[in-house]
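2 protein chains.
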Amino acid sequence: MPPTDSLSLRERKKTETWHAIHDAAAELALDDDTKHVTVEAISSEAGISQRTFFNYFPTKEDAILGVRTPRVPELPEDFLDGEGLIQRTTELLLTVGRSTYAEGDADRRSLLFEKFPHLLLRRREMMIEGEDLVYQAIATAMAEHPDWSEGLNGHSVESAARMLTMAAGVPLRYLIVSGGMPGARLETGSLTTALDLYQDLYRKLS
Amino acid sequence: MPPTDSLSLRERKKTETWHAIHDAAAELALDDDTKHVTVEAISSEAGISQRTFFNYFPTKEDAILGVRTPRVPELPEDFLDGEGLIQRTTELLLTVGRSTYAEGDADRRSLLFEKFPHLLLRRREMMIEGEDLVYQAIATAMAEHPDWSEGLNGHSVESAARMLTMAAGVPLRYLIVSGGMPGARLETGSLTTALDLYQDLYRKLS
DNA sequence: CTGCATCACTGCAAGTTTGCAGTTGCGCAA
DNA sequence: TTGCGCAACTGCAAACTTGCAGTGATGCAG
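Chains as they are written, first to last, in numbering that gives the first Met the number 0: chain A, 0 to 205; chain B, 0 to 205.
Note that these hints are calculated values from the structure, not bench results. There's no promise every hint is true.
Heads up, the list lumps identical chains together, so a pair's fine if it works in one copy or across two of them.
[Said to hold, decoys possible] Only pairs whose alpha carbons sit at most 30 Å apart, straight line, appear in this in silico DSSO-like list of lysine-lysine:
id, residue 1, residue 2
1, K114, K13
2, K114, K59
3, K59, K13
Start from the sequences, fold in the hints, and give me the full structure.
This is how it looks when you write it as structure tokens:
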């Protein structure tokens, strides 16, 4: 759990409730002898009403997984300037991807993926959703940026943004695939390695 | 704490919050090195906002003491009939008096009275308030009762109800006084004794 | 196959909590 | 005395939770 100080009482209680629901859902789901985890059971375990449950999560699965709708942080003014844009974008994608899960949940999440493989589908969905948000943010930034707003060689900023996001996504996809399990954690260290590899390869081919 | 099952989630949380505030307030107040217990400290300890504090208690003192506004239970149909009306009324007064406090708090309440004698004033106030409610309930019941509604010997039902309540209050006042400390607990056993004494005395004098 | 129960999920009104901007009373320093 | 600051307490709108009465999908006994 992140530091809950410096949050307003309201915000603090909201995260507490979020975690209470997610924890209850995940624990109940991982309980071996649990066949059908009902929303009622989760809600009662978390000490809230069923209606509140659905105020926090659109589906039971999201509660078990602990999914949040991805949030793209405000881009720095100079995000589009200078060297290393692809790398910065990759890091942004990683940040956004991580923002869709409860922090520090990696172990339990692995267990969940093992026991309920269909949750991987949901994970993939969230990834795609996050990528799309990143694309939109970058497209907007490009449209407002003097060096990019005119498009490049007849390509629209939308195309440029889309391509950048795709390219930047490569190292992440690589990591997920080479990590074997898609549920495996993405270490920042291995990301750097993957980025190096990517860039080396890119230079060799161009 | 009373059984919280069979209460709706809403009711349950309300009592939980009530106890959280009262507990925080009482404990902070009893802390030796506490000079000024602020509403802010109590609220923060209880995990609620200051505004919510005042949704539960009109004053800080009431929170420390754990005061509720007294509730008179519905009188049984035959409350006014038959022998022992005074005794029944005394028991009603005791019930109402007890309803103004958190249950099972007697020990801590004694400490509070020791440390903050001015709380006794508040206690007295609540008692009086409760007595008045009992008076009103009985007056209403009398007005609706065929045997009483006409008044007695020219006295109004209000007078009769007031006098009954006064008379019924005697054993309680006796107990409080003879118990030394007004903060002392009222045992049901000693109440019975006091009632006996009262009736004996009454018979002797009449 | 058919009614019936169960469970996920939604809409809405009513109840609760929070944040915030006051107002008031009180002690204390200049 | 005057002004200041602190802390109790209030009013109100906005945010949040709850209860409840659904709807629709799925499975299962008869």
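Verification of the hints:
1. K114 with K13: within (29 Å within a copy, 38 Å between copies)
2. K114 with K59: Answer is within: at 16 Å inside a copy they meet the 30 Å cutoff, but 52 Å across does not.
3. K59 with K13: Both: 18 Å inside a copy, 27 Å across copies.
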